[in-house]
Structure formats: C-alpha cells, structure tokens
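Using the sequences plus the hints, can you model the full thing?
This is what each chain is made of:
Protein chains: 2
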Amino acid sequence: MTTHVHSTLLDRLRAGLPDTVLSSDPDVLAGHREDAAPLSPVGVPAALVRAGELGHVRHVLGVAQELGVPVVPQGARTGLSGGANAVDGCVLLSTERMNTIERIDPVEQIAVVRPGVRNADLSRAVRAEGLYYPPDPGSWETSTIGGNVATNAGGMCCVKYGVTADFVRGLEAVLPGGEVVRTGRSTAKGVAGYDLTRLLCGSEGTLAVITEVTLALVPEPETALTAVATFGSVQDAARAVAGVMAAGHRPSLLELLDAPTIRAVNAHRPMGLPEEAAAMLLVQSDRGPLASGDIAAYAKVFGGHGAQEVATADDAAESDMLLEARRLLLPALGDLGSVLVDDVCVPRGRMAELVEGVAALGATSGLVTACSGHAGDGNMHPCVIFDAADPGQVERAREVFAAIMDLGLALGGTITGEHGVGLLKRPWLATELGPVAMRLHREVKRVFDPKGILNPGKVLG
Amino acid sequence: MTTHVHSTLLDRLRAGLPDTVLSSDPDVLAGHREDAAPLSPVGVPAALVRAGELGHVRHVLGVAQELGVPVVPQGARTGLSGGANAVDGCVLLSTERMNTIERIDPVEQIAVVRPGVRNADLSRAVRAEGLYYPPDPGSWETSTIGGNVATNAGGMCCVKYGVTADFVRGLEAVLPGGEVVRTGRSTAKGVAGYDLTRLLCGSEGTLAVITEVTLALVPEPETALTAVATFGSVQDAARAVAGVMAAGHRPSLLELLDAPTIRAVNAHRPMGLPEEAAAMLLVQSDRGPLASGDIAAYAKVFGGHGAQEVATADDAAESDMLLEARRLLLPALGDLGSVLVDDVCVPRGRMAELVEGVAALGATSGLVTACSGHAGDGNMHPCVIFDAADPGQVERAREVFAAIMDLGLALGGTITGEHGVGLLKRPWLATELGPVAMRLHREVKRVFDPKGILNPGKVLG
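Residue numbers (my numbering), protein chains in the order written: chain A, 1 to 461; chain B, 1 to 461.
These aren't lab readings, by the way, just hints derived from the structure by calculation. None of these values were measured; they are calculated from a predicted model. Accuracy of the hints is not assured; some may be wrong.
Here are some, though not all, of the chain B residues that point toward chain A, as calculated from beta-carbon distances under 8 Å [to be verified]:
id, residue
1, Gly154
2, Cys158
3, Glu179
4, Arg185
5, Thr187
6, Ala192
7, Ser203
8, Asp377
9, Asn379
10, Glu432
11, Val447
12, Lys451
In silico DSS-like links for lysine-lysine, alpha-carbon gap of 30 Å or less [what the hints assert, rightly or not]:
id, chain 1, residue 1, chain 2, residue 2
13, A, Lys445, B, Lys451
14, A, Lys451, B, Lys445
15, B, Lys451, A, Lys451
16, A, Lys445, B, Lys445
Virtual Cβ for every residue (Gly too), placed ideally from N, Cα, C.
Encoded structure:
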C-alpha cells in the first residue's frame with residue numbers, strides 16, 4: 001500500500017469513528033494480526049478498528065468498499081486455521097467490544113447477543129435462567145459468539161446437541177459497503193425465503209460481518225454421569241465408539257484420548273489419567289435417572305470391544321476434572337513442541353483406519369503424533385508435534401498434516417469438522433467440494449462481496 | 001407456447017427419456033398440474049416427466065435450459081402454497097418414482113434416500129433399526145422426502161426435535177443445464193465451505209432439483225406420555241403454552257385446538273374431544289421414566305393459567321388416538337367448506353394476541369375461522385372457511401388470510417412457519433425480508449439459475 005492510500009484510508013476511517021476505536025500504532029497492530037494457527041501467512045495490517053457499535057462496523061465497511069481496502073473481521077483470535085490473520089494493508093475489524101447480552105428470553109428460549117460476548121459468559125448467564133447453550137469449543141472461556149458463528153464452532157457437546165449453527169436462528173450483519181441485512185427470525189420456526197442465516201454461519205468472515213446473533217437455547221439437561229474406559233489399542237477404542245452408536249445410543253459426550261495425549265496431559269498437570277492404557281474413552285450421559293443405565297449399556301459395548309476397565313466418576317467434581325483433562329489436550333501437547341492440529345471428520349465406522357493411518361504417518365516421518373478428539377462425531381484432532389526452529393521438521397510436519405487430510409478425504413470424510421478452512425486448509429477445499437460446488441461458492445461470494453474486500457484469500461483463495 | 005416450440009421440446013425430451021417416463025397427454029397433465037393450495041394460479045404444462053433416475057433429471061434440465069422452458073419440480077403435490085403448481089408451457093418434473101432407500105446406517109445414524117421416498121416409509125424403516133426420523137408434516141403418509149426438503153417441512157415433532165432441514169446432512173442436486181452438485185457431507189460434522197445444503201433446503205424448487213438426500217437420524221425416544229388440558233378461553237391456552245416454555249420445559253409435542261376445530265374433528269370422526277372447552281392443549285413428553293414427572297409439571301403450569309381439566313392418556317393407543325385427532329384438523333375443517341390455511345409463526349409470548357386477532361378478523365368478516373396448530377413453536381394454522389362458489393366469500397377469505405399474515409408480522413413473526421411461500425404468500429415476502437435481503441435472494445437465485453427456468457414465479461416472483 002502506498003503511503004498516500006494509507007493516509008487516505010486512516011483519514012476516512014477517522015472521520016466516522018471515535019479515537020478510542022481506531023488504532024494504527026504498529027505495536028498494537030502487531031499484537032492483533034494473527035489467530036492461533038501455526039504456519040499460516042500473516043500480512044501487515046494498516047489499521048485496527050475495535051468496533052463498539054453497529055455504526056462503526058458500517059463505517060469501516062463503507063470506507064473499505066469505496067477505497068477497495070481489504071477488511072479482516074476478528075473475534076478473540078482463538079481460531080486454528082488462520083481465518084483471522086491480517087492480509088497486507090487490511091483493516092482489522094474486531095467486534096470483541098460489542099459484547100452485550102441484549103436479552104435472554106425464557107418464554108422463547110432464545111438469547112440475543114452482540115458478537116463480542118464470550119461463549120463462557122453467555123453459557124453462564126443462560127444457566128442462571130435454567131437454560132443451556134450447548135456449543136462448547138475448546139476456546140469457550142475466551143472465544144466470542146461472533147467468532148463461533150463465523151467458524152461454526154463445535155466442541156464436546158456436538159455428538160448429542162449439534163454445532164453452533166444449529167443454535168443460530170437469526171443474524172444482523174453488515175455487507176461490504178455498509179448495508180445492514182437481517183436474516184432468519186426470532187421465532188421457533190420459519191421458512192420465508194432462502195436460509196441466508198445458515199449461509200453466513202461458518203463463512204469465516206468472507207461474506208458479511210456479524211453484528212447481532214439470535215440464539216436458540218434448550219432446557220438445562222438432567223444430572224450427568226461421566227465414565228472412563230481404557231483400551232489396549234487405539235483401534236479398539238475407535239471401534240468401541242462405532243459400536244456404541246450402532247447400538248442406538250447417543251451419549252452427551254464421547255471423547256477419545258490416545259497414549260501420547262494421556263501422557264502429555266499428565267505431564268502438563270498431574271491428572272492421574274491411566275498412562276498404562278493405549279487409549280481411553282471419556283463418555284457421558286446427561287439423562288439424569290436414565291444416566292446410570294446408559295453408562296452400563298455403553299460399558300457393555302466397550303467390553304465387547306476389548307475395554308480393560310470402565311470406571312464411573314464418583315461425583316460432579318470428578319466428572320469436571322475429567323472434562324478439564326480433555327480440554328488440556330492442546331496446551332499439554334504444546335509443552336512437547338509446536339503443534340499442528342488437524343481436524344478431519346470421518347464416518348465413525350472408518351475411525352479405526354484414521355487412527356492407524358495417523359500413527360503410520362507419524363512413524364514414517366519420525367515426528368511425534370497424537371490422535372485424540374471428538375470420537376463420537378468421528379471428528380478427530382490428529383496433532384503433529386515439531387520443532388519450529390528446525391526447517392526439516394517444519395517441512396515434515398506440513399507433509400504429515402497434508403497426508404492426514406488426504407487420508408480423511410479418502411475415508412469419506414471432510415478436511416475440517418469444526419476449525420474451518422481459513423488459510424491452512426485452503427489448498428484442499430476444491431478437492432473436497434469438486435468443481436461445480438466451487439463455482440457456486442465463488443459466485444455466492446461475489447453476490448455478497450462483489451469487490452472481494454472481505455477477508456480476501458481466506459477459504460476460497 | 002407456439003406449436004413449433006412445443007413439438008421441439010417434446011422431441012428433445014423424448015430423445016433422452018424412456019417412453020414410460022414422459023407424458024404429454026392432456027388428461028395426465030391435468031391430473032398433475034397443481035398441489036393442495038387453494039386459490040392459487042395454475043398454468044397449463046407442456047409435459048410431465050416422472051423421472052426414475054438421475055439421468056432423467058439431468059436430461060430434462062439440460063433440454064429445458066437450452067430451450068428456455070420452465071421446469072416445475074414436484075413431489076407428492078401435498079404442498080399448501082402452490083409451489084408445485086404448473087406454469088404455462090412448463091415441464092412438470094416429478095421425482096416421486098425415485099423412491100429407493102439407498103441405505104440406513106446405524107453406525108453413522110444416517111439414512112441415504114432418493115427424493116421420492118415417502119416420509120412414512122422412511123420413518124417406519126428407520127424405526128425397525130431402532131432409530132428415529134422426527135420430521136412429521138401433516139402429509140407424512142403421502143408426502144415425499146424430496147418435497148419435505150424442498151419446503152423444509154415441519155410437523156408436531158418440531159418443538160423438541162426441529163424441522164426437516166435440521167436433519168439434512170448432504171444433498172445431491174441437479175442444476176439448470178444438467179450439472180450435478182453434491183453439497184454437505186455424510187459425517188456428523190463438517191465446516192468446509194458455505195452451507196449450500198441448507199441453502200437448498202426450503203428453496204421450494206427454485207435453485208436446483210434434489211436427487212438424493214443424506215439424513216441424520218436420532219435414537220428412538222423413550223416411551224411417551226400424552227395429556228390433554230382443557231381451557232375456558234383460547235387465550236388462556238395460548239398463555240399456558242408460553243408458561244410451560246418459560247418454566248424451562250421442552251415437551252416433545254405441544255398442540256393447541258380451538259373450539260371450532262374440536263367441533264369439526266368430532267363431527268368428522270367421533271373422537272370424544274371435549275366440546276364444552278373453548279380450547280384444548282395436547283402435550284407429550286417422550287422421556288420415558290421422566291415423562292410422568294414432566295406431565296405433572298406441565299399440568300401445574302396449565303393449572304396456573306386456568307386449565308379446567310388435565311387428563312393423561314391411559315396408554316399408547318389412547319395417545320395415538322389423540323394425535324390422530326390433531327392430524328384430522330384439515331380434513332375436518334374441509335367438511336365445513338373450502339379452507340384457506342394460514343401458517344404464521346409468532347413469538348410464543350405473542351400467541352394470545354394472535355388467536356384474539358384471528359377471532360376478531362373472523363367475526364368482522366362473517367366467515368368461520370379456526371385457530372389451531374403447533375402452539376409450542378408459536379406456529380399456528382389459522383383457517384378461514386369459505387364457499388368457493390361465492391365470489392364475495394372468496395374475496396373476504398383472501399382479505400382475512402392477508403390480514404392474518406399482516407398480524408403475524410406485526411407481532412414479530414413470520415408469514416410461514418413451515419408451508420413455504422410458493423405462490424400464495426409471495427406478495428408478503430418482501431415485507432418480511434426487507435429490500436437488502438430480497439436483493440441477496442434474487443442474486444443467489446441468479447447464481448443457481450441464471451436463465452430463470454426453475455419454478456419461475458414462485459417464492460421471489
């Protein structure tokens with residue numbers, strides 16, 4: 001960007017924004033230019049706007065459209081695929097300060113929130129009303145609802161409750177140019193017109209900037225019971241997951257941790273996880289009086305697939321500790337080196353092949369791999385551990401990461417179950433979607449963003 | 001259409017289709033040219049193609065695109081808004097014969113079906129595997145999955161389980177011109193690219209023709225318990241519904257029948273419904289051992305809103321009978337005259353105002369109105385009864401129908417909760433969506449159907 005264009009941009013932005021909202025300080029920009037994805041390109045932004053209200057977002061998108069300047073929407077930048085990374089000369093448009101819960105309505109069982117509300121804050125606020133907002137991405141303590149919607153975030157709840165998009169009823173969003181569009185509804189049902197709400201969910205900031213979200217809530221679940229099962233091989237554990245679902249069950253949580261993950265978690269924080277096991281499953285039923293029967297039924301299936309031991313948590317505190325252990329997966333593996341987290345989702349019946357394949361790729365590469373995740377959904381997070389200072393290891397880590405996505409596709413799966421495409425998985429998108437769907441994607445993008453200013457280079461490239 | 005164009009069309013269609021698939025017999029065409037919507041325009045079709053396989057659909061959409069001939073996709077033509085009505089010179093493209101259940105997969109808890117499979121046939125087939133496909137539109141015995149997806153059909157299950165689109169994981173569809181696109185996935189999760197699956201759901205045949213559907217299933221629910229509560233006013237019943245939800249409950253079914261509906265159902269088939277009541281609520285919990293506690297909790301709320309009596313069904317047979325009574329709503333009201341069925345969905349907290357408003361509109365018009373429906377969703381089906389042979393009554397019925405939609409919008413609702421826009425509600429769509437969303441709709445339509453041959457005049461006009 002030439003200096004002239006740069007100063008024009010800043011002048012034009014300043015004309016419609018309070019001083020506290022706009023920053024072009026290089027240190028501030030440097031602190032906001034990337035999300036949590038490793039090995040992804042990061043550009044040099046021209047400005048950061050921390051929007052406090054709808055008018056700020058409209059102003060930025062009006063000026064940017066007119067000047068042809070790229071805009072990169074940001075939430076808490078906890079994303080794992082580079083979707084919030086700066087591109088050169090862009091305006092970083094954060095909606096983190098638009099963080100009010102506008103209302104929680106028990107009659108409609110909905111919440112209306114601004115995009116900067118943190119998932120954990122919303123979850124706690126609705127619990128206080130006897131309601132439940134299930135989506136619980138690993139980042140839930142810090143990530144924002146706007147970011148969760150933009151990436152269609154998942155979590156451990158999904159096996160029973162679904163993903164973020166399943167709870168989004170309506171949106172207010174701003175289009176490039178500054179026009180405001182309302183999509184969807186606040187009512188329980190509605191089929192008037194095309195589902196633009198769902199089109200914006202998971203569009204990773206490439207179609208519009210979300211400024212308000214109407215979320216569906218469900219009644220608080222009954223008391224949950226959690227159990228741990230240990231296995232002599234990770235393939236047995238994977239087959240046990242398929243077996244539970246084939247028996248017609250639907251646990252409220254079904255996670256797999258393999259041995260490298262178990263050891264890393266214990267090393268990160270002594271949790272007493274069973275290090276002698278090749279894999280463990282964490283399973284939960286939240287059906288109150290039915291839960292102990294559910295756990296017994298799961299245990300029976302696990303036993304038929306070689307489970308060594310099945311132990312039920314004694315109380316809510318022990319159950320919370322087990323879930324916390326699972327949430328430590330990424331920081332714990334991070335103690336071993338840099339971590340490239342994959343996010344393939346395969347049919348549950350193919351999961352044993354996936355974990356075998358990941359182990360084989362790790363062995364061949366000489367890098368440490370771990371293969372844990374949301375097994376009940378077939379959505380695993382194979383991790384490749386590498387030394388970021390060693391170019392040879394970086395190269396091999398990239399190769400293993402890529403081979404895992406190829407394997408996921410070959411098994412009938414997807415390259416991303418919940419993390420999004422961003423920059424990191426862009427090269428594989430066309431393979432997954434095929435040429436006709438890719439053409440439709442490009443044309444839909446053009447409908448919303450004819451000048452291509454919104455998060456350019458992300459998702460579609 | 002000139003005779004020359006007509007014969008060219010038939011020749012071109014014939015060249016790629018077996019004789020048994022193509023018909024231009026005027027009597028056959030006349031029998032297939034409309035759906036179940038009253039007072040909607042019906043054109044004169046040029047041909048009917050009863051596709052038996054993907055290739056037939058591709059051929060029709062290839063020829064039609066080339067010749068610029070409109071195509072109207074059809075399922076069982078049970079729709080209530082004219083979406084499947086012929087337009088002049090069109091090819092009626094029925095997928096009713098593509099009716100195979102390709103597979104039911106208990107490990108993935110999915111079914112893969114062709115569009116012509118009847119909802120009831122799928123529902124029964126998955127029950128035999130211990131699984132459950134919830135969407136249950138009133139037409140479920142005859143309507144097809146393809147039609148259910150195209151209209152995003154609802155039913156009585158929605159209050160707990162959601163609508164058809166909530167169960168659609170992936171689609172195969174044919175675009176104008178004949179290209180095949182696959183959207184979505186068969187895995188439990190996936191966020192690669194835009195949600196084109198959801199965009200096609202509820203698009204009423206205006207974007208693509210659906211040729212295969214991958215559906216998510218859930219485990220069969222526990223034993224259900226059903227109860228009936230009677231009220232001295234329909235407003236009390238409506239407030240009781242809001243009260244149940246506000247108390248944090250989520251019944252598996254929550255339907256309201258007003259006095260005109262109760263009387264019509266009893267007259268249609270003696271069901272012993274309580275004729276002395278101004279309204280009744282039908283409520284169900286399908287949580288097995290929790291159900292009796294649930295029903296007691298609902299009864300307590302109902303009592304606080306003036307319920308006269310709350311009676312629990314003695315057994316499954318009595319429960320089925322009550323649900324059957326509810327399903328007779330439309331045929332029963334049809335005994336009284338022609339019926340214009342509205343489908344507004346309002347916030348539950350505004351439902352009492354809706355039922356009051358409908359009664360007032362009926363009284364002013366001098367026509368019989370009834371106001372029953374999926375109260376748990378705020379999705380009511382106000383019905384206007386009229387004599388189709390009396391032009392004055394037809395005119396007044398149209399006015400009341402229109403005024404009910406205006407009222408629904410004024411109460412913060414939508415013009416259609418589950419029936420779709422079709423032809424019947426087209427004039428109100430722009431009011432509900434607003435100019436920005438309407439422009440996006442038109443442009444999205446153009447992406448999929450640049451020549452405007454698919455179901456022209458429907459939804460967007």
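*Structure versus earlier hints, numbers of those that do not hold, lowest first*: The structure conflicts with hint 12 only, although it agrees with all the remaining ones.
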